[in-house]
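Once you have looked at the hints, place chain C on chain U.
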Amino acid sequence: MEKQIVLITGARKGIGRYLSEYYLSRFYIVIGCSRNNSDLNHENYEHYCLDVCDEVAVKNLFREIQKKFNRLDILINNAGIASMNHSLLTPVSTVKKVIDTNIVGTFIFSREAAKLMQKRKFGRIVNFSTVAVKLNLEGEAIYAASKAAINSLTHIMASELGGFGITVNAIGPTPVKTDLIRNVPADKIDKLLERQAIRRFGEPADVANVIDFFIKPESSFITGQIIYLGGI
Amino acid sequence: MKTKEEVIDVIFKSIEEFSQQNDVQLEAKVDTILFGSQSQLDSMDVVHLLVSIEENINSKFDTSISIADERAMSQKNSPFKTVSTLSEYILLLLNEQG
Numbered sequence: 000m001e002k003q004i005v006l007i008t009g010a011r012k013g014i015g016r017y018l019s020e021y022y023l024s025r026f027y028i029v030i031g032c033s034r035n036n037s038d039l040n041h042e043n044y045e046h047y048c049l050d051v052c053d054e055v056a057v058k059n060l061f062r063e064i065q066k067k068f069n070r071l072d073i074l075i076n077n078a079g080i081a082s083m084n085h086s087l088l089t090p091v092s093t094v095k096k097v098i099d100t101n102i103v104g105t106f107i108f109s110r111e112a113a114k115l116m117q118k119r120k121f122g123r124i125v126n127f128s129t130v131a132v133k134l135n136l137e138g139e140a141i142y143a144a145s146k147a148a149i150n151s152l153t154h155i156m157a158s159e160l161g162g163f164g165i166t167v168n169a170i171g172p173t174p175v176k177t178d179l180i181r182n183v184p185a186d187k188i189d190k191l192l193e194r195q196a197i198r199r200f201g202e203p204a205d206v207a208n209v210i211d212f213f214i215k216p217e218s219s220f221i222t223g224q225i226i227y228l229g230g231i
Numbered sequence: 000m001k002t003k004e005e006v007i008d009v010i011f012k013s014i015e016e017f018s019q020q021n022d023v024q025l026e027a028k029v030d031t032i033l034f035g036s037q038s039q040l041d042s043m044d045v046v047h048l049l050v051s052i053e054e055n056i057n058s059k060f061d062t063s064i065s066i067a068d069e070r071a072m073s074q075k076n077s078p079f080k081t082v083s084t085l086s087e088y089i090l091l092l093l094n095e096q097g
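Chains as they are written, first to last, in numbering that gives the first Met the number 0: chain U, 0 to 231; chain C, 0 to 97.
Only chain C is shown next, with the shape it has when bound in the complex:
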């Protein structure tokens, strides 16, 4: 059974890699805002980061989840909003895949 802490670790690693490769200093904290009007990321940054997180999650857990699935894209409150909400959503997807 995967844990939220393991997922958050992968997200933090992805954020660190992303910050190094781009001209963005994003903090690796659970309440860091990733998406929405208060985020310091532009729309392309969000795409880059989410793709990177998805690849790292699938690599670590040997899974094939899609973070940007129909459920995520249709929710009123985006699961991508913060590191914490994203980790909860990813954990849900991982546990559904088994």
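The shape of chain U in the complex, shown without the other chains:
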């Protein structure tokens, strides 16, 4: 059986790094990308350095994937940034960076992946939302707004790409102990965990569990869905 090919953005560290190692251990071919180099060495892993919102660089990446593998099965749009700040103290430069990475990056990768996936009438696109959207988390106005946009993008692209054999879904993690929440005060995290039905940090394995459900061949009828962790 031929190995499935998965592209993971933001693969250098955190959840992206975990997912890369997870799918390598399950005999996938993993293509990872991030702004900086990765120290992950594996015969089935290739890493590319780029900014996810650089359209030219992203198109060149897909050109490489097309030449080398002539297909892509799964895209995991994991790359994302946050900036916890009251909206009245948030500079526009931060707004633009968050929107560029979270929305533009996800969009460009999804668009180019779908062009490749539609050739075989098979594809799985998994986006990253956040519980901050449902909880209207104070201090995360721009991050939550960008991920609310991802929710909408997920629904609409699911409809647009259904006929191409491509499903588009999203996972909304609770706080997971990565650099994304490194600077969030502990008391704010505790208050957030209190709002969950199951009051603990999410683990990367919890994220992988949901992604596994989305990408499995039997999930061909699951699309346009957003699954939040922790019972939110």
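Non-contacting residues of chain U with respect to chain C, defined by C-beta distances greater than 10 Å in every case (computed): (1) 20; (2) 38; (3) 45; (4) 85; (5) 178; (6) 189; (7) 200; (8) 202; (9) 223; (10) 226.
Partial selection, computed: residues in chain U whose CB lies under 7 Å from chain C: (11) 58; (12) 59; (13) 62; (14) 114.
Hint data in this document are derived by calculation from the structure and do not stem from the laboratory. Glycine included, every Cβ here is placed at the ideal spot set by N, Cα and C.
Using the frame of chain U, we list chain C on its own:
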């Protein structure tokens, strides 16, 4: 230097592939209307066909052009209207990319 004839060949091949895969009989001719009220293609057909043409062009010429770029989408007269206008626009994009 790429030629218009080479580009038209790729468009014709894409049209033939598209017609085989879909319930549409589109003629591979330079004046075939692809887009607009007189086209026999619906909006999803146009998306399918343009994506296929873009992939085939980039595969043949080892390029990374986007046919549906900002310039194309904002023009008063769409470059996607006929095979001929589309080939001219694609040639422009290819020559700009070098």
